[in-house]
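*Asks:* Start from the sequences, fold in the hints, and give me the full structure.
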Amino acid sequence: MDDTYRIRPNEEAGVFDPSTTTTDASSNATSRDGVAGALWAALAVFVALNAAFSIIRPDDIVFSLLFGIPGVVCLAVLVMRYLSRRHA
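Under this note's numbering, read the sequence shown as residues 240 to 327, first letter to last.
Calculated from the structure, these hints are not laboratory results. Please note that the accuracy of each hint is not assured.
Ranges of calculated distance between the beta carbons of each label pair, as one might list FRET restraints [claimed, not checked]: (1) 294 - 244: 53 to 61 Å; (2) 321 - 244: 22 to 30 Å; (3) 245 - 308: 38 to 46 Å; (4) 293 - 315: 17 to 25 Å; (5) 296 - 325: 36 to 44 Å; (6) 274 - 304: 20 to 28 Å.
Positions of the beta carbon are idealized from the N, C-alpha and C atoms, including for glycine.
*Replies:* Structure below.
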């Protein structure tokens, strides 16, 4: 995140030099949105596959674990990203 009020060395008081900015907030937001979108898509795929295999093979726990665990991991990462962004 770019802080326009931070103290920068070698600058006169009251003069803002845009070349000293370190990050571009819009590019960071775009990359964060892309990762979140990929996580939501992966979560939807894992939930759909888990539901389909639960209907097709209700007694086979291997397929439930195969698609359930990555779905839970995607959900946990999304929650962690939300909470870290909320506290920042």
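*Asks:* Work down the list of hints and note, for each, if the structure agrees.
*Replies:* Verification of the hints:
1. Hint check: residue 294 to residue 244, Cβ distance near 57 Å, so the stated range 53 to 61 Å holds.
2. Under the hint 22 to 30 Å, the C-beta atoms of residue 321 and residue 244, about 27 Å apart, fit the expected range.
3. A hinted range of 38 to 46 Å holds for the C-beta pair residue 245 and residue 308, which are about 43 Å apart.
4. Range check, residue 293 to residue 315: about 21 Å between beta-carbon atoms, so the 17 to 25 Å window is met.
5. Between residue 296 and residue 325 the beta carbons are some 39 Å apart, a value that agrees with the proposed interval 36 to 44 Å.
6. Between residue 274 and residue 304 the C-beta distance comes to about 25 Å, which sits within the given range of 20 to 28 Å.
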